[in-house]
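K.L.:
Chain by chain, the residues run as shown.
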Amino acid sequence: MKLAVEIENLTKDYKIGFWHKHTVRALDNLNLKVEAGQIFGLLGPNGAGKTTTIKLLVGLIKPTAGNARILGRDIKDIETHQKIGYCPENPYFYDYLTAYELMLYFAELFGLTKDAKKRAEKMLNLVGLHESDWHKPLRSFSKGMLQRVGLAQSLINEPEVVFLDEPMSGLDPIGRREIRELIARLPKRGITVFMSTHILSDIEVLCDSVAILNRGKLAAVGKLDELLFTKETNELEVILRGVTVEALSNEMKSLRVLEKPSGLQIRIKEYELVELISVIKKLGGSVVSVQPVKMSLEDFFVKETAKQEAK
Amino acid sequence: MKWLIVAKNTFRETIRDRVLYNLILFFLLITASALFLGDLTGGNEARTTVNIGLSATLIFGVLIAIFVGVGLVSKEIEKRTIYVILAKRVTRAEFLLGKYLGLCTVLLLNTGLMGIGVSVVVFTVGDLMRAISIWGAVFLIYMELCIITAVALVFSTFSSPILSTIFSFSVFVIGHFSSALKDIAQSIGSTSAKVFFTSLYYLLPNFSLFSITTQAAHGNLPTVSYLISVTTYAIFYILILISLAIIIFQNRDFR
Ligand SMILES: Nc1ncnc2c1ncn2[C@@H]1O[C@H](COP(=O)(O)OP(=O)(O)OP(=O)(O)O)[C@@H](O)[C@H]1O
Ligand SMILES: [Mg+2]
Numbered sequence: 001m002k003l004a005v006e007i008e009n010l011t012k013d014y015k016i017g018f019w020h021k022h023t024v025r026a027l028d029n030l031n032l033k034v035e036a037g038q039i040f041g042l043l044g045p046n047g048a049g050k051t052t053t054i055k056l057l058v059g060l061i062k063p064t065a066g067n068a069r070i071l072g073r074d075i076k077d078i079e080t081h082q083k084i085g086y087c088p089e090n091p092y093f094y095d096y097l098t099a100y101e102l103m104l105y106f107a108e109l110f111g112l113t114k115d116a117k118k119r120a121e122k123m124l125n126l127v128g129l130h131e132s133d134w135h136k137p138l139r140s141f142s143k144g145m146l147q148r149v150g151l152a153q154s155l156i157n158e159p160e161v162v163f164l165d166e167p168m169s170g171l172d173p174i175g176r177r178e179i180r181e182l183i184a185r186l187p188k189r190g191i192t193v194f195m196s197t198h199i200l201s202d203i204e205v206l207c208d209s210v211a212i213l214n215r216g217k218l219a220a221v222g223k224l225d226e227l228l229f230t231k232e233t234n235e236l237e238v239i240l241r242g243v244t245v246e247a248l249s250n251e252m253k254s255l256r257v258l259e260k261p262s263g264l265q266i267r268i269k270e271y272e273l274v275e276l277i278s279v280i281k282k283l284g285g286s287v288v289s290v291q292p293v294k295m296s297l298e299d300f301f302v303k304e305t306a307k308q309e310a311k
Numbered sequence: 001m002k003w004l005i006v007a008k009n010t011f012r013e014t015i016r017d018r019v020l021y022n023l024i025l026f027f028l029l030i031t032a033s034a035l036f037l038g039d040l041t042g043g044n045e046a047r048t049t050v051n052i053g054l055s056a057t058l059i060f061g062v063l064i065a066i067f068v069g070v071g072l073v074s075k076e077i078e079k080r081t082i083y084v085i086l087a088k089r090v091t092r093a094e095f096l097l098g099k100y101l102g103l104c105t106v107l108l109l110n111t112g113l114m115g116i117g118v119s120v121v122v123f124t125v126g127d128l129m130r131a132i133s134i135w136g137a138v139f140l141i142y143m144e145l146c147i148i149t150a151v152a153l154v155f156s157t158f159s160s161p162i163l164s165t166i167f168s169f170s171v172f173v174i175g176h177f178s179s180a181l182k183d184i185a186q187s188i189g190s191t192s193a194k195v196f197f198t199s200l201y202y203l204l205p206n207f208s209l210f211s212i213t214t215q216a217a218h219g220n221l222p223t224v225s226y227l228i229s230v231t232t233y234a235i236f237y238i239l240i241l242i243s244l245a246i247i248i249f250q251n252r253d254f255r
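So the protein sequences, as listed, match chains A and B.
For the first sequence, my numbering puts the final residue at 311, and the numbers step up evenly by one.
For the second sequence, my numbering puts the final residue at 255, and the numbers step up evenly by one.
Warning: the hint list may mix true and false statements.
What the hints assert, rightly or not - Listed below are the simulated EDC-like cross-link pairs for lysine to aspartate or glutamate, each with C-alpha atoms no more than 16 Å apart in a straight line:
id	chain 1	residue 1	chain 2	residue 2
1	A	Lys294	A	Glu270
2	B	Lys2	B	Glu94
3	A	Lys294	A	Asp225
4	A	Lys188	A	Asp225
5	A	Lys117	A	Glu131
6	A	Lys188	A	Glu35
7	B	Lys79	A	Glu89
8	A	Lys118	A	Asp95
9	A	Lys269	A	Glu237
10	A	Lys62	B	Asp253
11	A	Lys76	B	Asp253
12	B	Lys2	A	Glu237
13	A	Lys188	A	Asp172
14	A	Lys118	A	Glu131
15	A	Lys294	A	Glu235
16	A	Lys15	B	Asp253
17	A	Lys253	A	Glu272
18	A	Lys269	A	Glu309
19	B	Lys75	A	Asp95
20	B	Lys8	A	Glu108
21	B	Lys8	A	Glu101
22	B	Lys79	A	Asp208
23	A	Lys122	A	Glu158
24	A	Lys217	A	Glu79
25	B	Lys2	A	Glu131
26	A	Lys260	A	Glu237
27	A	Lys136	A	Glu108
28	A	Lys223	A	Asp208
29	A	Lys76	A	Glu8
30	A	Lys217	A	Asp28
Unchecked claim - Covered stretches of chain A (in silico footprint by chain B; criterion: 3 or more residues with CB under 8 Å from a CB of chain B, positions within the stretch not fixed):
id	segment
31	40-49
32	73-82
33	85-93
34	109-117
Unchecked claim - Short derived list, chain B residues pointing at chain A, Cβ under 10 Å:
id	residue
35	Ile5
36	Asn9
37	Arg16
38	Val84
39	Ala87
40	Arg89
Honestly, the hints are just simulated from the structure, not real lab data.
Think of the CB as a built atom: it goes at the ideal place given N, C-alpha and C, for glycine as much as any other residue.
Using the sequences plus the hints, can you model the full thing?
P.N.:
The structure is reproduced here in structure tokens:
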């Protein structure tokens, strides 16, 4: 297992006030490991410390304590930057350059000279920026276009790890889906994605693993499937046919039954399954399906942040 | 050679900046008006033209150096364009050096063009000798501008654009009255004030070394040894300032 990002006891205090007398702890002792080749989602409410974490990793701010490595290399080592990409939240670029000039400039910063043009064109195409917009000044770009340029520039060096801070913000539903599909394809190109968001539906379809931050602290971390099938739900959803609601209620009290076109939908605890099946047999009905109930990410998110806050 | 790429882009940024052209336009207006003023003083056209032309070259050069110089870094911070740059494979030192050298290149071009403008006007007035001899003064003006740019850069790495502009102008003005600081230090009674003014005298650049406009107006060229020693002074001063800017910049958070 190769690690893309390893974070150890990472802590960041911001100094505030005129004389920098007060401090705010934006990130508190974060420990995190991200495997290479996946899409990793950093979740959390506003002010949770997502942006702070990403800025620390790409070297824009310095940790108060702790350390981190990207691809096994210390984040303080400038060589780390050769293999990473970064797109900030609400990216903004030079007014006086066109999208194409910006891409060339950044390509050159990575030491690409001969390939710069080819690479710039490839990435602008990849993010779906219309060719007629390539040579327009960036100051005339809409938020969605800027977001695409942001993504294109983060990939200019064909990085191994890319850090995306709220990559879907400011996009319309169609643009959002396009960018989502683009991000989903990145692991196939050998790129590990480390993204932050508070849009849960994006995370649900995109991410392999997630970490939930709240007030600078880690509230939960793990593979998305595993987190959502937690023992605490332990519920099953059974669909059945050939039985009436009344007959069923007579046999088993306090059942929550819903009538659906596919049949009756019942939610039960795992241990109630044997009893339910024998009742259905007795009534002459048939079981269409039995499925574990997946907790919605939203439920999970609310639960974990509340739990963490109670600590 | 990352700094060279940053410098190239800074050059492009600056020559696409409208501020630059507005200032150049003003310079042209003033220098052209010197022709008419020159007539008024009768007989000394060439001297007046050199005086006005070179003063305008310095003033507009300083305006560009400070306004554009302060903006070099602070605009990148304010518009957050610095985020993506510093996440790339470029060190903060390379970035700063590139920014500085990019603007110095623009200033070289500018000062050169302004110098040519003054030369042409002086030549029109009919004084070939002075048209050539101003170039020693133009060179020293350029050196002064390079120092001012470095000063602006240092301030802009830690303070707001407005404060940086005010500080840089103060350094420019006080630097020209450097000898006055020494006089004050000598005449003043209290020792703490003496120490203050003396250290200010040694700390701030001595720009009077760089203004030989009057000399040029009389058609005199500076000696080569003078040029060399003043240039050495300028280079040392710039190296110290840039190192200072890099140290401050490297310890900054971009949050
Ligand atoms: N420049 C700053 N100065 C002082 N405090 C800051 C600064 N930036 C962030 N903070 C504080 O640090 C904490 C974490 O902020 P951060 O921007 O990392 O959150 P976030 O998870 O990215 O939030 P959002 O979803 O709103 O983008 C917040 O409490 C915030 O108030
Ligand atoms: Mg954020």
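K.L.:
State for each hint whether it applies.
P.N.:
Structure-based check of all given hints:
For a cut-off of 16 Å, the pair hint linking lysine 294/A to glutamate 270/A stands: about 13 Å separates their Cα positions. In summary, the hint linking lysine 2/B to glutamate 94/B is supported, as the alpha carbons are separated by about 6 Å, within the 16 Å threshold. Distance restraint check for lysine 294/A and aspartate 225/A: the Cα-Cα separation of roughly 9 Å lies within the 16 Å cut-off, and the hinted pair is therefore satisfied. A distance of roughly 21 Å separates the Cα atoms of lysine 188/A and aspartate 225/A; the hinted pair therefore is violated under the 16 Å criterion.
About 14 Å separates the Cα atoms of lysine 117/A and glutamate 131/A, which keeps this hinted pair within 16 Å; it holds. For a cut-off of 16 Å, the pair hint linking lysine 188/A to glutamate 35/A stands: about 14 Å separates their Cα positions. Of the pairs offered as hints, the one joining lysine 79/B and glutamate 89/A holds, with about 12 Å between alpha carbons and a cut-off of 16 Å not exceeded. The straight-line distance between the Cα atoms of lysine 118/A and aspartate 95/A is roughly 23 Å, outside the 16 Å bound, and the hint therefore fails.
With a C-alpha separation of about 9 Å, the suggested pair lysine 269/A and glutamate 237/A falls inside the 16 Å cut-off, and the hint holds. Between lysine 62/A and aspartate 253/B the CA atoms are separated by roughly 6 Å; this keeps the pair inside 16 Å, and the hint holds. Between the alpha carbons of lysine 76/A and aspartate 253/B the distance comes to roughly 14 Å, so the proposed pair stays at or under 16 Å and holds. Proximity of lysine 2/B to glutamate 237/A is assessed by CA-CA distance (about 60 Å); at most 16 Å being required, the pair is judged violated.
For the given pair, lysine 188/A sits about 26 Å from aspartate 172/A by alpha-carbon distance, which is inconsistent with the 16 Å threshold. Annotation: proposed proximity of lysine 118/A to glutamate 131/A holds, straight-line Cα distance about 14 Å (limit 16 Å). Restraint check: the Cα-Cα separation between lysine 294/A and glutamate 235/A comes to about 8 Å, which is no more than 16 Å; the hinted pair holds. For the hint pairing lysine 15/A with aspartate 253/B, the CA-to-CA distance comes to about 10 Å; that is within 16 Å, so the pair holds.
Simply put, lysine 253/A and glutamate 272/A have alpha-carbon atoms about 12 Å apart, close enough for the 16 Å limit, and the pair holds. In summary, the hint linking lysine 269/A to glutamate 309/A is not supported, as the alpha carbons are separated by about 28 Å, beyond the 16 Å threshold. Among the hinted pairs, lysine 75/B with aspartate 95/A is consistent with the structure: their alpha-carbon atoms are about 11 Å apart, no more than 16 Å. Under the criterion of a C-alpha separation no larger than 16 Å, the hint pairing lysine 8/B with glutamate 108/A is consistent with the structure, at around 11 Å.
This hinted pair checks out: lysine 8/B and glutamate 101/A have alpha carbons roughly 12 Å apart, not beyond 16 Å. Note on lysine 79/B and aspartate 208/A: the hinted pairing is violated, with a Cα-Cα distance of about 34 Å set against a maximum of 16 Å. In summary, the hint linking lysine 122/A to glutamate 158/A is supported, as the alpha carbons are separated by about 11 Å, within the 16 Å threshold. Note on lysine 217/A and glutamate 79/A: the hinted pairing is violated, with a Cα-Cα distance of about 29 Å set against a maximum of 16 Å.
Of the supplied pair hints, the one linking lysine 2/B and glutamate 131/A is violated, its CA atoms being roughly 29 Å apart against a limit of 16 Å. Distance restraint check for lysine 260/A and glutamate 237/A: the Cα-Cα separation of roughly 12 Å lies within the 16 Å cut-off, and the hinted pair is therefore satisfied. With a CA separation close to 20 Å, the supplied pair lysine 136/A and glutamate 108/A exceeds the 16 Å bound. Only pairs whose Cα atoms come within 16 Å are accepted, and lysine 223/A paired with aspartate 208/A is accepted, the gap being roughly 6 Å.
The straight-line distance between the Cα atoms of lysine 76/A and glutamate 8/A is roughly 14 Å, inside the 16 Å bound, and the hint therefore holds. Taking the CA atoms of lysine 217/A and aspartate 28/A, the gap is about 5 Å. The hint holds against a cut of 16 Å. For the segment 40-49 of chain A, the proposed coverage by chain B is not satisfied: 0 residues have a C-beta within less than 8 Å of a C-beta in that chain, short of the threshold of three. Against chain B, the segment 73-82 of chain A contributes 4 residues with a C-beta closer than 8 Å to a partner C-beta. That satisfies the three-residue criterion, and the hint holds.
Residues of the segment 85-93 of chain A lying with their CB closer than 8 Å to a CB of chain B number 7, which satisfies the three-residue condition for coverage. Figure legend: the segment 109-117 of chain A, annotated as covered by chain B; annotation consistent (3 residues with Cβ-Cβ distances under 8 Å, at least 3 required). Hint status for isoleucine 5/B: holds, given a least beta-carbon distance of 5 Å to chain A, under 10 Å. With its C-beta approaching chain A no nearer than about 5 Å, asparagine 9/B sits inside the 10 Å limit, and its interface hint holds.
Residue-level restraint check for arginine 16/B holds (minimum Cβ-Cβ distance to chain A is 4 Å; threshold 10 Å). This hint holds: valine 84/B has a C-beta 6 Å from the nearest C-beta of chain A, less than the 10 Å allowed. Hint status for alanine 87/B relative to chain A: holds, with the closest Cβ pair at about 4 Å, below 10 Å. The restraint placing arginine 89/B at the interface with chain A holds, with a minimum CB-CB distance near 4 Å, inside the 10 Å limit.
Violated hints, listed in ascending order, are 4, 8, 12, 13, 18, 22, 24, 25, 27, 31; each of the other numbered hints is respected by the structure.
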